[in-house]
Each structure stands twice: as C-alpha cells, then as structure tokens.
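Protein chains in written order, with my numbering: chain A, 1 to 360; chain B, 1 to 360; chain C, 1 to 360; chain D, 1 to 360.
Any given hint could turn out to be false.
Any copy, or any two copies together, can satisfy a pair, since identical chains are not distinguished.
[Claimed, not checked] Once the Cα atoms are required to be at most 30 Å apart in a straight line, the calculated DSBU-like pairs of lysine-lysine come out as: (1) K147 with K208; (2) K147 with K241; (3) K167 with K275; (4) K5 with K115; (5) K115 with K92; (6) K352 with K208; (7) K137 with K241; (8) K5 with K92; (9) K137 with K147; (10) K352 with K147; (11) K275 with K208; (12) K137 with K115; (13) K241 with K275; (14) K167 with K147.
For the record, the hints were derived by calculation from the structure and aren't laboratory data.
Number of protein chains: 4
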Amino acid sequence: MSNGKLGIAVIGAGRIGTLRARLAAKHPSVGFLAISDLDPARARALAEQTGADVYSGDNLEIIARPEITAVFVSTPEGEHAAAVCKALELGKPVLVEKPIALSLSDADEILAALKATGGELRVGYSRRYKECFLRAKEQMLHGRLGKVVGGLARVYNSRAQAFAILKRDPHATPVLDVLTYYVDLMCWFLDGNPPVEVVARGQSGIFKQAGYAADDVTWAIVTFADGAVINFGVSYALPAKYPTLGQSDRVELLGIEGTMIIDDDHMDHMLYSDKGIPHAYVPDHQVNMAFLGSNTAGDWAVGDFWGPLGNETRAWLDHLVTGNPTVHTTPVQARINLETTIAIERAVATGKPVRLPLET
Amino acid sequence: MSNGKLGIAVIGAGRIGTLRARLAAKHPSVGFLAISDLDPARARALAEQTGADVYSGDNLEIIARPEITAVFVSTPEGEHAAAVCKALELGKPVLVEKPIALSLSDADEILAALKATGGELRVGYSRRYKECFLRAKEQMLHGRLGKVVGGLARVYNSRAQAFAILKRDPHATPVLDVLTYYVDLMCWFLDGNPPVEVVARGQSGIFKQAGYAADDVTWAIVTFADGAVINFGVSYALPAKYPTLGQSDRVELLGIEGTMIIDDDHMDHMLYSDKGIPHAYVPDHQVNMAFLGSNTAGDWAVGDFWGPLGNETRAWLDHLVTGNPTVHTTPVQARINLETTIAIERAVATGKPVRLPLET
Amino acid sequence: MSNGKLGIAVIGAGRIGTLRARLAAKHPSVGFLAISDLDPARARALAEQTGADVYSGDNLEIIARPEITAVFVSTPEGEHAAAVCKALELGKPVLVEKPIALSLSDADEILAALKATGGELRVGYSRRYKECFLRAKEQMLHGRLGKVVGGLARVYNSRAQAFAILKRDPHATPVLDVLTYYVDLMCWFLDGNPPVEVVARGQSGIFKQAGYAADDVTWAIVTFADGAVINFGVSYALPAKYPTLGQSDRVELLGIEGTMIIDDDHMDHMLYSDKGIPHAYVPDHQVNMAFLGSNTAGDWAVGDFWGPLGNETRAWLDHLVTGNPTVHTTPVQARINLETTIAIERAVATGKPVRLPLET
Amino acid sequence: MSNGKLGIAVIGAGRIGTLRARLAAKHPSVGFLAISDLDPARARALAEQTGADVYSGDNLEIIARPEITAVFVSTPEGEHAAAVCKALELGKPVLVEKPIALSLSDADEILAALKATGGELRVGYSRRYKECFLRAKEQMLHGRLGKVVGGLARVYNSRAQAFAILKRDPHATPVLDVLTYYVDLMCWFLDGNPPVEVVARGQSGIFKQAGYAADDVTWAIVTFADGAVINFGVSYALPAKYPTLGQSDRVELLGIEGTMIIDDDHMDHMLYSDKGIPHAYVPDHQVNMAFLGSNTAGDWAVGDFWGPLGNETRAWLDHLVTGNPTVHTTPVQARINLETTIAIERAVATGKPVRLPLET
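This is chain A alone, in the form it adopts within the complex (with noise of 0.2 Å):
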C-alpha cells in the first residue's frame, strides 16, 4: 500500500467486492484499506489477499473508523441501504454497487439519507466505463447523431453465469440485474429524456424448470418522453459452454442525422484453445471456445485489471483525490433505471404496457 492519502472501506467481500478491493490497494492515492463482511472469514481473507490495513465482519465498524474517507458498498444488491446510509451519515463519499436496490422503496431510503446528509453518492454502473460506451456518450455529447428516433441493446450470456448469479440472490433477474446497464446506457445517452412507458414480453422454461422465476428471454419496448423507441432484450439461458464469458451484446442509435452501430459482441476477438479456458466468474467452468473481452467486468491480465470496473473504479478514486468531474451514475438516474426494469417485469408479468414513472 502506498503512503496515499486515501484511506478507502470494501463493504462487502464478493466478487464485485474482491475487485474493488484488489484495485483500490493498487491505487497509488491509497493509503488505507479496510474490508468488512458479515462473514468475518472471507473478509479476512481478501484482506490478506489485498494487503488490508483492518477487517471485520461488522460493516458500520468499518465505515465508521477515522482512517476511512471513502466507502465502496458491494454487499448483495438487497442489501446496500444500511451500509450506504450510515457512510452519508458520516460524511464520507460512497460508490454503492447496481442497481441501487432490488425496490423502490429501499432505494428511496437511499434516496431520503442523500437529501438529509447533502453527502455524495454514485452507482457502480461499469458498463458508461466501456472503453466503446465512453465513445458513443462523446459523440452523442457532440450531438452526431441529431435527434434520436430509437435504438436497440440487447446482452446475452451463457446460462453457466445466470445460475452462479441467481444461486447467490434469487432475486437478481436478469432483468433487474443486468438489463439495469443498458437502461442506464440508454438513459445516459438520451440525456434528459426520460422512458415514460413499457411494453414486455418474456418466456420461461430453464430457469423455471430449476427453480427460479427469471424469465429465458426478455424483450421490452421503451418509449421515450420525446417519442424514441428503444427496444431492450436481454438473455442469460445460452447453452453453458456458449463462448461468452459474460456480456455480449449490441447497442445500435438511430438519429436523424446519423447511425452508430456498437457490437459488443466480441465475436472477432477468439480464442480456440485444447488446453480449455476458465471461466472468470464461474467456478469450475471451463470452455475451449471463448470470446475475449466479454467479461462483463474486465480482465486480469498481466497483473492489472483492465475494462470498464477498472476504469470506473479508477475514475471514481482518481475523483476523490482530484475533485475532477465523473460520469458515474447518480442516485436519481440509478432510482430511474429501477423503476424501468421493475416496470418491464410488471409489463411481462401482467401483459399490459406500464406508464413511467410508476405509480406508488
């Protein structure tokens, strides 16, 4: 650990948690790190892996020390409230994991300690910090396309991650979990117009089958206050040894003045290997086909991590130091992201378009 002048808390010691923790003790700003889980045995152990300076298994101990300054909070998605709200109390910066929350009323207590503290507040969103995503948002910001007449995101991944996800938290749908990112991506890009209404349709069967109330397959229309259709789709029940490693997906704008195709699909980056390849997320899953680069969060390699949770960890830390601007998610677009996916599963759910926002 450097002699920075950072002193930063891992709330959470999972695996968002893990590389939150990793990167921060590479940052050259930081100069204290402390992990807390409910588990005390894997906080300690990610705190060896790390070189932390102190760990426990009482989060608000944590947050609470004098050393810490800012708090990563990547407890379990339903978990965030308590850990995030007595950082704000404390005047200390959070970077909460997505979403915010799994409802809305827990994220209006997020909401309601934001507003109370006058702290500072951002949701880890990764995917704005694909290097691809930054690039559009540049071009949009320099209004390339004209208006926005509608789009297209749509991510798949194999099932092999889909049943790691939902064996940790049921309720992390594909849907309200990874869907969320390019909710956030679309909303980002359309700055300033909001989705005002929903059409859903998903179909159930492998998930179903095993236990569990995600849909296969979802697919959502989403109407913009200005009138721009963008249709959402996500699938995470592709074959287990599909060649994906996390999210594949396309994000396609259609302006009036131009077009930009993202394919994020990573289908020409390949790696065949006899040797087999792991799997970065699931334990014990190896492929012999994968797409490099569609690791959802990014890669180790060569010793550092590199893609969008680095960038956006970095960006966050390098924030904290420097006071410069970012373009993590707000609290308010975060709680406005949730609100669109709770809508797209109450829109399959019921079969009927749903208004946004919500009505409570």
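Position chains B, C and D against the provided structure of chain A, taking the given hints into account.
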C-alpha cells in the same frame, strides 16, 4: 432464348419484374418469354432488354396466351389479385411477389381462387433463398437448437431506398413491405408454431414530414403459440449515404440446446471508393462507402445475377421443369405474414396488444 | 432426370465428383448422366444415389459414350490428364477440378491436347463463384479501386480437414491444393498483370510428425508485373475442433482510389449446439461451435446445394445449353496458378526468391 | 494539480507530448509538471493548456530541475538521445516514445548511457496497453496456444494520417514508425524467441509521387528462432476518407494447441454522421463514416482520455509511485524492434533475405 420447354409470362415491368424477366431469359429451360405492363412502353422496353418474344399492355391477354406455361406476377403490391386469379383459372402456376396483398380481403380473394381452381401458387419471399437463411433453416430442420425460447430479427436500410419505395407506393410501409420478410423467416424457422400476439411501438418523423404515413422505426414483440418471444424491428430511415445498399439485418435464435447468430449486416464486406459506388435500386444515388452484398435482391456480377432473388427465381423455374419440391412461401404462410404485419401496425396505432389471428 | 438435352459424364466418384453428379442430376437441362470411377463399386453407389443412367469402372469408355455431350473430370489431382485429353479429342467440353495438375509437365500435356483439338476446357476454381468474390470481381471490372498497389489473401482451416485431404493424396499440400484458389482469385482480380516473383517461408511440425511433407503454415509475398505486392497465407493446421467447417479466409485489395475488404472468416454466422454439428467433409467429426457458411464447396440445405460449387456447376451446365460466356478459370490461367504455387513451395524449400515464369 | 509526490517533465510538446502532459496533469499522484520544447511558444501553449508549473525552450534545463522526478521524452523520433541520456545521468526514470531511435547507432548510444548509469528506461509502445493485446498476452502467459507455428499482424490507415506523419518527419516511414508496434507485440507474445530472418517486399507510388521515400504497402515474413513464421504488413496509403481514424489492424496467432484471432479493424463499431466526424490527428480533416475506437492512441471522451496511451501513461506513473512491475517495452526489446524494422526496409530495398541480428 434457348429452345427450352417453359413459356414464361412476367406481369409487371417494374424493378422486380425486370429482374424476373432477365433471369427467365437466361434460364436454360425457358423457350418463350412474354412481358406485360399496364404501361405498354415499359413492357416494350423490358421486352427489348431481355429479348422477349412478345409484350403487351394487357396483362390478362398475355397470361392467356397458349405459349405461356407459368406466370410471375410482379405488379405493385396492391394489384396482385386480378393477374394471379386469371392465371390460376387457366391452370398456370404462379409466383407472385410478396406481400401477397396489402389487405386481408385481397389475400382472401386470392386464396379463394386458389381453392376453387386447385392451382399452384407461391409467394416470392426471396430472403428464404439467401444462402445464410437456407443454411439456418437446415439447422432448424435438424433440431440443433432444441426448443426455441426467443429470437431477434431486425433490418435497417437507408432512407434513400425507403423514399424510392414510398414514391412507388405510399402504402408499402417498411412494416408491410420489408419486415414481412423477417416475419416470414421466423415463421418458417418455427414451422408449426404460429404467432399469437403482438405488442409494438414506433416513432415517426422523417417520413411523416415528407408526407408519408410510414414510421421511421418500428419495434414489435411477437409471441408464438408455444410461448417463444421473437423481437422484430425495422428502420428504413437511416441517413441516405449510410453504407448499406439494401437490407442490413441480423437474425438470432435462442434455443434450449443451441444458439444461432446470423449477422447479415455485411459490415465486413466493405468497399471504399473515391470514384463513388452506384446504388442498384435508387437512380442517381451513389456512396463512397458500401457494404457489399447488402443489396436486397442480390447483385449483377460478371454478367449474371447472384443472390436471393436469383436463387429464388431459379429454384422456381427448375421446379417447373423437374417437379422437385421447393421452399417458396405458400399462400397460407403469406397470409399469416400479412396478418402479422397488419397486427404490428395496428398495435403501434392503438398502443394495445393485438391477438392473432385477427378478428375480421 | 428431366428429359433435357445434356448428356453429362462425371469421371471420379470421390467427394467433388459426388457433388458434381448430384448437381447435374438436379439440373433441368440434363437428360443423361453417367458416372465412372476406377473403383466400380464407388461408381455404382454414386449412380444409385443420383439416379444416373449408366456407370462404369472404365473412365474412357464412359467419356466415349455417344449420349455424353460434356464431361466433369473429378479424378484425384494427379490423374487428370488421361480423361481430359480423351474428352477433348472427342470434341466434348470439359470442366476439370483444380489444380489442373500437380506438375507442370502434366499441365503442359493437357494444354497441348487442348491446342491440338481446339476443344473447350475450363478448370473448377469454385472460389470464383462464391458470391462475395463475384461481387468483388465486378467492382474490379468497374475499376473502383484504381490501380492496385497491394493486397492480402489468407485462408485457415482445421487440421481435421487437412488430414482428410492428405490421407487421400499426400501430394495435395495446402499450398498446391488450397492456396491455389487465392492465387487464382488474385490473378483474376488483377487480370492482365501476372505474378513475376515469389518469396515465401513456412513452418512445419504437426503434419511432419504425422508423416506428411506439408507445412503447418506458409506465407508468401508475390510481386506482380506492375509492382503490386500481394501477400498470401495458408494454414490448415488449426486445432481439429476449431469452428470452421472449411475455408475461413480474408481477401483485401488496396488501390490508389479505393479499398476492398472481404472478411470471409464467417465468424459472424455462428451456431452453437449442445447436440453437435457434423462436418460435411470429415466423417465422424463434429463440433459444438461452427461458423456457418465456411464449408468450402457450399452446403446442402432444404434439399438443394448452395454455395460456390453449386454456382460453378450450374453456370457451366447453363453455359453448355445457352452458350452464354462464363468466368470459369481457363487452362492458361490454371497453369499460372500451378506455377505460382510450385514457386511458393520452392521458395520455402530453398529460402531464395523465385522468379516467374519458372525456368523449365 | 493535486499535491502528489511526482514531479514530471514532458520533453517535446508535439502530439504525443501533449497527450502525456494532459494525462500527467490529471494523474492523482502528480504534484509538479514541467513542459519543454525547442519551440518555447509550443511549450508555453501546452503549459497553459495543462496548468503546468513551468515551461521552457531548453529541454536539458527542465530535466535538471530538482522538482522533476521522472521524464517523458516525446521529442521527434530522431532526437531522443540527448534528453534520454541527460535524464538517466541524473538518475531520473524515463519513458521515451517509440521507436527508441531511427538508427541503431543512436539506439546504442542510449543503451550505453543506460548501462553506464544503471538508470530506469522504458519505451512507449502503447499497443501493448490496448486492452485486447493485454488480454492476448495474458493468454500467452498461460500457454493456451501451445507452441506457436505462425501468425499474422497487419495494420492499415488512411493516407490522411500518413501524410501528417511524413510532413513532421520524412524518415518516420510506416515500417519504422508503425509496423514497429506489431513487431513489438509479436516479439512480446513470443517472448524468448527472437526474430532471426526477414524477407520483405513493398510497392511505392502515392508517397513517392508526393516526394517521400515511404512505400505505400510493405509485407514482410519474419522467421523466429524456433522456426515460427510471422507475417507482417502495413499500408498507410488507404484513401484519405477511408473510415479508420488511426490503426485498423488484425493480429492472429496459430499454435499447436490453440488459435487466437484479434480483429482490431473496428469495423463493427461504426458511426455514420451527416454532420461529419473530425479526425483526432489530422487537422481540418473529417469523415462521414468512422470506425470508432480506431484512433491509435485512444480517445478523449467525457473529459478523460481512454485507450492504449492512457493506459500506458497511467501504468508508468502508477509504477513510479507504487513500484509495481509493468510491461512497458524494455530498451533491449526496443532495439530488437528497431533492428527488425530496419531489416524489413533493407530486405525490400535489396530484394534479398536479411539475417538478424544485423551485422554492424
């Protein structure tokens, strides 16, 4: 013209009729070729171009000629019925262009004539005869995906071509005239599993300002009888100089035991030329950057025509000689395609889900 | 068999002969079909499969039959001369498989017979009839690139197929048997501008250990008469389960006024199936991940054969009926292809630049 | 500027120096920034743009300032030695732009200074820090391909950028200035297995007519010590309006046990805009069609810089603080890159194979 055994009439000397006639003239089994068009000058010009034996401004007279053994009906979409019914009554096999009609009542008139005459009628959905989709269908016949749970088919084109289509027939909207191809493909792939419900949304602007009722972009989610959800989309409003020279499309099928991705955007077959590349469909239009192979019907090259419409025409003429089975769209399938696209437009117009089959 | 006017003999009942025969049997102008193979049992089996009228173990007898009006010579690469010369002497047009021969002396024997008889002979380089390359040639005919300064053509395939080829004929190395297609394509694109020099290098290992003289990978830089430099490469040593089912290739042309990129790797037409996908060429070989459309010759689908070899066969049979010109490789072009590939192997073997034409 | 611990000098205020300075200014650990350029006005302008603490027209004076702890040498390719040697003598770590020099004698002068001082020097081959190549290297470290038998690396760019480079330095040919990146990558991937021989050919025309010695296209086959044959190619002569905004490249590795294909042409990340898209490198140049992500160094987006040069700069600055190892090209590796590219140009010029290492 070789002294073969087929006597072919091409009714309608527009763009597609021209291709049908030129292809028939080159077919080794065609021994007599006749052209008709309500505009006798166009009929004459095409007859001269193809070396046809006769031409006329009277469609029914040409169909009735004794030398004629089979008929292509390539009139505008709304004027198919008279020529088709005449040929069926005379016991002459017919290939009619898609869509079979622009209204269900016209379609039903044709279906009634077919039933009454016991004739032979197929509908020209040339996408089925694109090599990539023939291969895809073959895989479906082998059941390589297992049960299909969802899919996607979306098609983009430049507004240069859309305006050329709409100028010819303002009722030939991208949904009725183009998306119908992909409805046809998906119904073919999912054979025996018909569409039962549609939700859809669209956005208007570019075409509306030019005085047409067509939407700039339309998205639809179609649920099939077994619950599979297929997402359809069309935008023919891309900038006039966008590199596609016709349909840039993607077709994706998600099954329990397999996944098939057909990226038919043609982005990887590229020509840049400082000299300009003419557009096959739109006169006086050229681009510097083109996706080769994106012409919808196919391409003339080294003196012959290659691609879907060439394959389709050839297969039908061969079939007339050899009696071998073909996969041309049947009238019943074509009526389902029409019904589904009408349902998509109705779902956009009303904002409500639409059940299939439509109530009459 | 339709009662058409062509009487076709297929000499050689191997893999390509089988395709030629099956395609001829379906052609609407073929009225008589004969099969021969030095192994009469193979000839008989193919005759039964195709409904051929006669079969024989005596190639020359079949060629001489009076019903026969044209001949496919599909014998092994090294045994073309006898059958070709016999047919030419009898004034029957011939399509012989590529390469025209495996030695220049054999090629020259065929060319001498051609000159003596004034007959009609073409060589089956089916890549010319792949749609993407037909379109590319058309662009070249229009001069869309201006003067060409350089280019690239490289082709990869799995060793599963390479071993099947080498087992059939150990002299049919990837350079002589496969790279010849791309030499042919480039010489066709650069028509009138012959190759004049070759430098080349290769690496051996996999095939050598299995007892074959073939290299695992070969790269060659060929300079053409006007100075254009074209890079050729072939590796047929990719892992057996690599997803290609035949040739995965890229062809790129760089001109003063334009650039053409033909990515024919087929990576974007993908099928993953847990059920396994059989390989068209290699018996008892199947993969879970396949690039659809990568079969070299083309694919059987919905009862017909689609792709380069189908187009090529069709174009030749049509030509026999209609007399229309075709773009099948001429014997003089085929000899240049052979000479250039021999030069590539010689350049690898000697490490020295090799001038063309070769000194005899 | 944050009050961090690094004092950074950027020597040379050209295009790359500007990026280095802007990135250093944003780095959270940089507390002092100095700019120098032989043209004091340029140094001043960049200092103003970045908020640098000091600037000067005297490179050596800036390097010697006590606040400076590390130095970027971003002078023109031919003028690296003086600044590098000065910094090394003062014990200050240096990152110098690639190629290390334009002649082996200049390179050797730098290597001698390094040896004499025991200093720390790395060379800025930013392609190593492109995410796709970092991932590729990681796969190589795991041995996923087994022994490599061959490979391909080719890079294309528009002549718009080539002329901008040649105008700056007519000796910075595409081989010495660009292909060196891919020589570096391949030598890195094949670590421990040095190049031993080169054959190469080129064609001139466009640049020659404009008065430069550079070839329009160059192909080289490089044999490595264990016999692996790697094909290298570069053409920076594509039409000025071709959609790439920098390097469009492909890197392919063929191993006994695996295959890796990195298609980095960026064809699938496309923007078409009627409004025009400015080129980052070439002033007053814009295109309507662009491959997003093809800028060689990377892209400014949402206020930060993303891509290879950002990653590379960051990694080096981080390393200065944390001491963590990095994969920046070492001077010995850089000399091999230079030697190999010189050998390629010599092989083109003489038409003869060239052995490596070069005889001096």
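Hint check results:
Only between protomers do K147 and K208 lie at most 30 Å apart by alpha-carbon distance; the minimum there is 15 Å, versus 41 Å within a single protomer. With identical chains, the CA atoms of K147 and K241 are at most 30 Å apart between copies only, with a shortest distance of 17 Å across copies and 40 Å within one. When the C-alpha separation of K167 and K275 is checked against a cutoff of 30 Å, the pair qualifies both within a copy, at 28 Å, and between copies, at 26 Å. For the identical chains of this complex, K5 and K115 are intra-copy neighbours only, at 27 Å inside a copy versus 36 Å across copies, given an alpha-carbon limit of 30 Å.
With identical chains, the CA atoms of K115 and K92 are at most 30 Å apart within one copy only, with a shortest distance of 14 Å there and 49 Å across copies. When the C-alpha separation of K352 and K208 is checked against a cutoff of 30 Å, the pair qualifies both within a copy, at 22 Å, and between copies, at 28 Å. Proximity of K137 and K241 under a CA criterion of 30 Å is satisfied inter-copy only: 23 Å between copies versus 33 Å inside one chain copy. Within a single copy, K5 and K92 get their C-alpha atoms as close as 14 Å, and across copies as close as 24 Å, so both meet the 30 Å cut-off.
For a Cα distance limit of 30 Å, the shortest separation of K137 from K147 inside one copy, 14 Å, qualifies, whereas the shortest one across copies, 38 Å, does not. With identical chains, the CA atoms of K352 and K147 are at most 30 Å apart both within one copy (28 Å) and between copies (26 Å). With identical chains, the CA atoms of K275 and K208 are at most 30 Å apart between copies only, with a shortest distance of 22 Å across copies and 33 Å within one. In this homomeric assembly, K137 and K115 come within 30 Å of each other (Cα to Cα) only inside a single copy, at 28 Å, whereas the closest approach across copies is 47 Å.
When the C-alpha separation of K241 and K275 is checked against a cutoff of 30 Å, the pair qualifies both within a copy, at 15 Å, and between copies, at 12 Å. In the homo-oligomer, the alpha carbons of K167 and K147 lie at most 30 Å apart only across protomers (25 Å), although the nearest pairing inside one protomer, at 42 Å, exceeds that limit.
Figure legend: structure checked against the earlier numbered hints; every hint is met.
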